[in-house]
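Taken in sequence, the protein lines are chains H and L.
According to the working numbering, the residues represented by the first sequence are 1 to 222, in order.
According to the working numbering, the residues represented by the second sequence are 1 to 222, in order.
Keep in mind that a hint or two might mislead.
Remember, identical chains collapse to one label, so a pair may be satisfied in a single copy or spanning two.
Restricting the straight-line Cα-Cα distance to at most 20 Å, the calculated cross-link-like pairs of lysine to any residue (SDA-like) are [claimed, not checked]:
| hint | residue 1 | residue 2 |
| --- | --- | --- |
| 1 | Lys-37 | Asp-216 |
| 2 | Lys-59 | His-116 |
| 3 | Lys-209 | Asp-167 |
| 4 | Lys-209 | Asp-165 |
| 5 | Lys-220 | Asp-96 |
| 6 | Lys-209 | Glu-179 |
The hints are simulated quantities; they were obtained by calculation from the structure and are not laboratory data.
2 protein chains.
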Amino acid sequence: MRIALLGGTGDIGEGLALRFARDTSHEILIGSRDPEKARDAVADYEAELEARDADAELKGFDNEMAADRADIVILSVPPYYVGDTVEAVADSLDSDSILVTPAVGMQGDEDGLHYHPPDAGSVTELVAQRAPDEVPVVGAFHNLAADALSNLENELDLDTLVVADDDDAKATVLTVANEIDGLRALEAGPLANAAEVESVTPLVINIAKYNEDMHDVGVKWI
Amino acid sequence: MRIALLGGTGDIGEGLALRFARDTSHEILIGSRDPEKARDAVADYEAELEARDADAELKGFDNEMAADRADIVILSVPPYYVGDTVEAVADSLDSDSILVTPAVGMQGDEDGLHYHPPDAGSVTELVAQRAPDEVPVVGAFHNLAADALSNLENELDLDTLVVADDDDAKATVLTVANEIDGLRALEAGPLANAAEVESVTPLVINIAKYNEDMHDVGVKWI
Numbered sequence: 001m002r003i004a005l006l007g008g009t010g011d012i013g014e015g016l017a018l019r020f021a022r023d024t025s026h027e028i029l030i031g032s033r034d035p036e037k038a039r040d041a042v043a044d045y046e047a048e049l050e051a052r053d054a055d056a057e058l059k060g061f062d063n064e065m066a067a068d069r070a071d072i073v074i075l076s077v078p079p080y081y082v083g084d085t086v087e088a089v090a091d092s093l094d095s096d097s098i099l100v101t102p103a104v105g106m107q108g109d110e111d112g113l114h115y116h117p118p119d120a121g122s123v124t125e126l127v128a129q130r131a132p133d134e135v136p137v138v139g140a141f142h143n144l145a146a147d148a149l150s151n152l153e154n155e156l157d158l159d160t161l162v163v164a165d166d167d168d169a170k171a172t173v174l175t176v177a178n179e180i181d182g183l184r185a186l187e188a189g190p191l192a193n194a195a196e197v198e199s200v201t202p203l204v205i206n207i208a209k210y211n212e213d214m215h216d217v218g219v220k221w222i
Numbered sequence: 001m002r003i004a005l006l007g008g009t010g011d012i013g014e015g016l017a018l019r020f021a022r023d024t025s026h027e028i029l030i031g032s033r034d035p036e037k038a039r040d041a042v043a044d045y046e047a048e049l050e051a052r053d054a055d056a057e058l059k060g061f062d063n064e065m066a067a068d069r070a071d072i073v074i075l076s077v078p079p080y081y082v083g084d085t086v087e088a089v090a091d092s093l094d095s096d097s098i099l100v101t102p103a104v105g106m107q108g109d110e111d112g113l114h115y116h117p118p119d120a121g122s123v124t125e126l127v128a129q130r131a132p133d134e135v136p137v138v139g140a141f142h143n144l145a146a147d148a149l150s151n152l153e154n155e156l157d158l159d160t161l162v163v164a165d166d167d168d169a170k171a172t173v174l175t176v177a178n179e180i181d182g183l184r185a186l187e188a189g190p191l192a193n194a195a196e197v198e199s200v201t202p203l204v205i206n207i208a209k210y211n212e213d214m215h216d217v218g219v220k221w222i
């Protein structure tokens with residue numbers, strides 16, 4: 001399959017790109033608003049993979065072209081760009097595409113980070129509202145620390161929760177997420193359950209803040 | 001120390017009573033609106049502990065007397081009784097008491113359970129609003145499955161998150177929670193961070209609902 005990471009030049013996009021490229025046989029496409037930036041990121045990621053004896057070829061495009069070519073389109077952009085990005089690539093998606101959103105709305109104060117969902121109830125549901133009706137939307141990869149993913153020396157032992165209303169799309173994302181070494185993807189139900197999944201993200205950041213010996217905190221459901 | 005479990009005749013109260021009695025040297029008091037019911041629960045718990053070669057003596061009282069005698073008062077009552085229970089025992093608490101709340105507000109629909117906090121932002125903050133000003137309030141034990149706790153054959157390997165504005169009270173609760181075998185208590189900051197902690201409770205229930213091989217789901221932060 002072809003997996004596109006829109007906004008795949010930073011943060012969680014980098015980690016997912018590296019892990020998918022190293023651990024799976026899927027074709028990885030990096031999308032950016034600026035295709036030159038996408039191609040630069042591809043060169044960096046290929047060098048990083050080669051340095052770890054994990055050769056893989058990635059491809060860089062602008063977001064629209066990456067979305068057009070992909071079976072699975074992951075919106076690894078900051079939450080305030082999610083709506084715009086969905087609209088920018090809407091014409092490149094169809095009922096055979098799967099749109100995946102890992103973004104979370106948060107606000108910070110002196111106490112820590114707090115969950116701050118949009119009116120839609122969650123960013124995941126906001127994406128579903130903005131996406132063309134025929135495009136299945138899946139929430140996944142919400143609670144993963146970007147640094148934990150992008151450092152390939154770090155062996156993962158983490159869970160990610162997957163929510164969707166479309167069972168086929170959900171099953172596909174569960175399968176590919178489980179192909180990343182050390183990542184276990186679990187079901188968390190329909191899109192209506194996304195808020196509780198998203199709100200774990202400020203929580204893991206707060207746990208890292210308040211426990212000196214914990215960094216890049218992740219979660220295992222047991 | 002003396003630890004009182006108000007509403008300690010069912011649900012998470014039973015599990016915490018059994019675990020504290022078996023794993024720690026603290027004196028465990030069971031509170032109920034009906035002291036007779038508290039004493040019946042004590043007899044049951046002592047029999048359960050004796051059957052597992054873990055003799056311990058517990059004591060049963062009405063909620064007010066249990067709160068009056070205890071250093072740590074755990075509100076193991078359903079969320080809709082939390083406010084009333086705090087008011088009922090307010091005169092039995094003082095600045096040397098620590099009031100601990102594990103309750104969470106949830107609503108269910110066909111999709112699963114959803115976090116449904118009160119206007120205070122979280123049940124934990126509601127308790128802090130209702131408690132006398134001088135009584136420190138600590139949020140803890142929110143995301144533990146009652147059945148996983150009350151079955152003493154089940155070896156725990158679980159985390160619980162602790163929030164409080166009072167550092168001394170928080171430290172005390174962290175210490176006693178960590179004394180339960182297999183339970184690790186972690187800091188999650190001040191009371192303002194309680195909502196994200198509480199919202200993990202509907203999530204663990206949803207994960208159990210949507211993953212056939214998972215029951216009494218708990219969490220480890222790693």
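Each hint, compared with the structure:
1. Lys-37 with Asp-216: neither (26 Å within a copy, 46 Å between copies)
2. Lys-59 with His-116: neither (34 Å within a copy, 44 Å between copies)
3. Lys-209 with Asp-167: between (37 Å within a copy, 15 Å between copies)
4. Lys-209 with Asp-165: between (34 Å within a copy, 15 Å between copies)
5. Lys-220 with Asp-96: neither (31 Å within a copy, 36 Å between copies)
6. Lys-209 with Glu-179: The answer is neither: 30 Å in one copy and 23 Å across copies each exceed 20 Å.
Consistency with the previously given hints fails for numbers 1, 2, 5 and 6, ordered from lowest to highest.
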